[in-house]
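Line by line, the protein sequences are chains S and E. In this text, residue positions in the first sequence follow our numbering: the first is 1, and each later residue adds one. In this text, residue positions in the second sequence follow our numbering: the first is 616, and each later residue adds one.
One should not assume that every hint holds.
[Claimed, not checked] If you want the ones that stay clear, here's a sample from chain E, every Cβ over 12 Å from chain S, calculated: (1) A672; (2) L821; (3) T830; (4) K831; (5) V836.
[Stated by the list, open to error] Stretches of chain S that chain E covers, calculated by requiring three or more beta carbons in the stretch to come under 8 Å of a beta carbon on chain E: (6) 7-15; (7) 29-37.
Just so you know, these hints were derived from the structure itself, not from any lab. Fair warning: this is a prediction, and the values are worked out from it, not measured in the lab. Think of the CB as a built atom: it goes at the ideal place given N, C-alpha and C, for glycine as much as any other residue.
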Amino acid sequence: MAQQDDIAIYGKRRTMYAVIAMMFLFFFARLFQLQMIYSEEYGRKSEENSIRTIPKEPVRGYIFDRNGTLVVDNRPAFTVTIMPFEFDKRTIDELSRLLSLDPEFIRDRLRKGEAYSRFAPVKIKRDIDFKTLAALEEKRDRLPGVDTQVESKRWYTTRAVASHTLGYTKEISESQMKLQVDEYAPGDVVGSAGLEARYEPSLRGQKGAEFSMVNVRGQVIGRFENGNNDVPAVEGDDLILTMDFGLQAFAESLMTDKRGAFVAIDPTDGGILAMVSKPDYDLSKFSGVTPPDIWRSLNEDEAAPLYNRATLTRYPPGSTFKMLLAIAALESGSVTKSWRVNCGGSFRMGNKVFKDLHVHGSVDLVNAIQKSCNVYFYQCMLKTGLDAWSHYGNEFGFGRLTGIDLYEENPGLLPTTAYMDKRYGKDGWTRGFLPSLGIGQGELGVTPLQMACYAAALATRGEYHQPHVARAIVTKSPRATDSLTFQTRHIDVSASTWDVVREGMRRVVEEPGGTGGMARIRGIVSAGKTGTAQNPHGPDHAWYVGFAPFDSPRIAVAMLLENAGYGGTQAAPLAGLCIERYLKGWVTHHDTPPPRPRPVPFPQALPPLHAGLAR
Amino acid sequence: MIYQEIKERVDYRIALIVLALLTIGIVSVYSATYDARAAEIFHKQVVWVGLGILALAAVAFVPFRLLQLASYPAYFLSILLLVSVLILGKTVSGSMSWFNLGWIRLQPSEFSKVATVLALATYLARSDVSLRKKRDLAVAAGIVLLPIALIMMQPDTGTAIIFLGMFFPVLFWGGASRFTLVAIVAPVGTAVAALFGTTPFLTAVLVFGVLIYVTKEGRIVAAAVFSLTVLVGVSVQFIYEGLKHYQQKRIATFLDPNADPLGAGYNILQSKVAIGSGGFFGKGFLHGTQTQLNFIPEQWTDFIFCVPGEEFGFLGAATVLLLLMGLLLRGVSIGASVKNRYGGFVAIGLTAIFATHIFLNIGMSIGLLPVIGVPLPFLSYGGSALLSAMTMVGILMNLYANRKEY
């Protein structure tokens, strides 16, 4: 079984020899060219020892609001770098004086940079002023390996702060570096909170590089091969938000000096119109360098300004949760809309007494919502049961993440039978829990964002849109606008139930006897619900959720003011102004302010069943 | 008399070539790592060379029939290893291709190269198999494409290209028609050309169009191949253009596993400066400034050719090239002199693997090809690659010893 006949084999062997010979001929020719013809030129280049890669930082993407207003801009900033292999360590003291840095800090930076690469510049100070820059340039000769780069820093153009939503960038930390070795070098800036973090891959852009020739003293003497090998930096993609920065600034101004959160959402698509968390902080402090003492003061402030209360904090929802129970009760057939309760101001169950603010007399469901009758909902909850209630709670997005495009989010807590069994044992809990849950108290925690989504779902009769802050990403090359897509689900509730609950909410604002009259807007019918939530941290939290216009809602809101007192007097008026500002573009003064209910503190007769929910 | 006997049984030429290359390799690795890290990498490499020589000897003297019998099992084992490395492997610079066994890390794709050649040769050597038959051609392609697919999932593009580089000469050797050869090269070549831009793409379409026309065996098949070629090229361009830039970047990274955009350009630049500045005589051992100052990251792996180029100049670099050329010519010569059909295919396949490695690696070092991370056989630091190269030479020597057997 010979391979093939000899002639064929020799022919093929010859072809292969020829191919191999050609390949090597090619290599030899190139070698000859490099090593004989151009060897002097390359020799000089290697003598100068000398090609330096200077990374070019990309310009971070811009951020626009829903009206096309530029809200996050960039400004140039000078960054001082040192090249480890050229740097003379004896000059550290002089350099530290010049930049007013601790010499130990420079040593530490240098050590870490060297571990990464001796040939990559290490950033030691960002955003130096022109005086320092001039002083540095003057002493350049005596400071080998010290250089400056132009980078961009964030610049905020509007009156609104929106610190928690926009988020900040900062120098990449060592732990972040470990996660993303290939993409980032030490000293790189990385989005670390809010949208800056969430859309980091788009906003960041792509680093470029310039190859320069430098002499022994580290001075640039020219571009390598006229810059033909340079890689230009690619600008980051822009972000278009659903937010309205006019409304954002207005809401922030209303909440000056308060603690709390406000979320406004477009119920038709889930786009966040405004998101306020107070107290907040000045993002421009983070744009260049962040001095450690600012970090420390923000981190240690007991008011926790870095914390996004709109999405991270769990509050008891109080009476704003009553619509949920009403829906669960009607849908499960536990009560009908005409079922009446006679409210005598309190409800007794066993040896426990659950109180109400007022004596409401005989109320049906719509009245109960309008007047926020606790006694009605205590009994309603007992008839409805935990399972139906938590089923609809889950449907409205409680106890789980809403999926907003921010990494900072808390799912909150919605108790279910399984949860209670797990936590207290199968027989460790009783129906005694139920009445409190019925009025949004007890072992229950919601975020203001979840409440805004809940208001939006009530506004749209069950279209639950995934809330989102960014609407689209504009790529630079090719220039294109990519709309982001988000999910929508339908909450299955019958039309008659929606009618009853929404009518109750309308009366809260629009009819005498409603608790939310202070949210009324002239010329626009709106609906809402107030809440006054007991909590273990002091005075009650004031809540308001609502939407407007009643017939075709364009905005849904949730307002929470920590320890501010009564929802109807504290939260409702501010929420009403925000809605008006968004729908009309301005706010009017009420000619005859609605009668101001006297703030009555929630009776503290009963200790909360479980403390420790807020935050 | 004894000398004659040894000459008859041992291909001393290929053995000497390999010894010379190994020596240059050890010297180069020593120079490239001549600083704090030297000891570790250099010593490991010496140990690997020792192990490699043992492997070579073992394979060279194993009974020839045993080799042939082991071909299919070795292939299936290699596929198994490739699958399990995807599940259990360790990620090195973004690619799942390693098994970690304490201080040793093994790359199953290296073993798989050899095993695939053996399996392909076993299949093609069957008397009832002909590359003129479409079914047989498809089976042969399947044998090669299966490991390629698994390796692309790691992803390790360099090694996948090596497999393609091996397949083509084997088909040529096996007597595939000229049309078959063109039909295989055309879509691949056009797709690659399309990534570089429209002009290279159109040129490729033109060249392959003419080739397809000249070699055509039937109009319909020829038309189909041509349409496929154009379609592949257009869709590559179309898909690439339509991608967002971070996706394009991802593709660039996929094509070039070491790619950060700064690294690739920088390495080639420094590599050219290193080789060019060597001149005719070189700067002397341990005196290459580019090498000693670590201008080229991880030079001891893929950019090892710069070391002889810079420190021993044109003399050194040309010596390496001559030795490598000698290796390839010997490989082809063994392939042609082996009487056994299986042996012929094995020799050509293994030689083609060496040739592809050399082509990609040297081409990259002297700035003619983009950065595709493949090691230079016998010179680059790396245990798995060295072991497999030595095994391949062992097989070639085994074939030489048994060349007169049918």
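Hint-by-hint comparison with the structure:
1. A672: holds (27 Å)
2. L821: holds (22 Å)
3. T830: T830 of chain E clear of chain S: closest Cβ-Cβ about 15 Å, beyond 12 Å.
4. K831: Label holds. Min Cβ-Cβ 21 Å, cutoff 12 Å.
5. V836: Correct as stated: the minimum Cβ-Cβ distance to chain S is 24 Å, above 12 Å.
6. 7-15: holds (count 6)
7. 29-37: holds (count 6)
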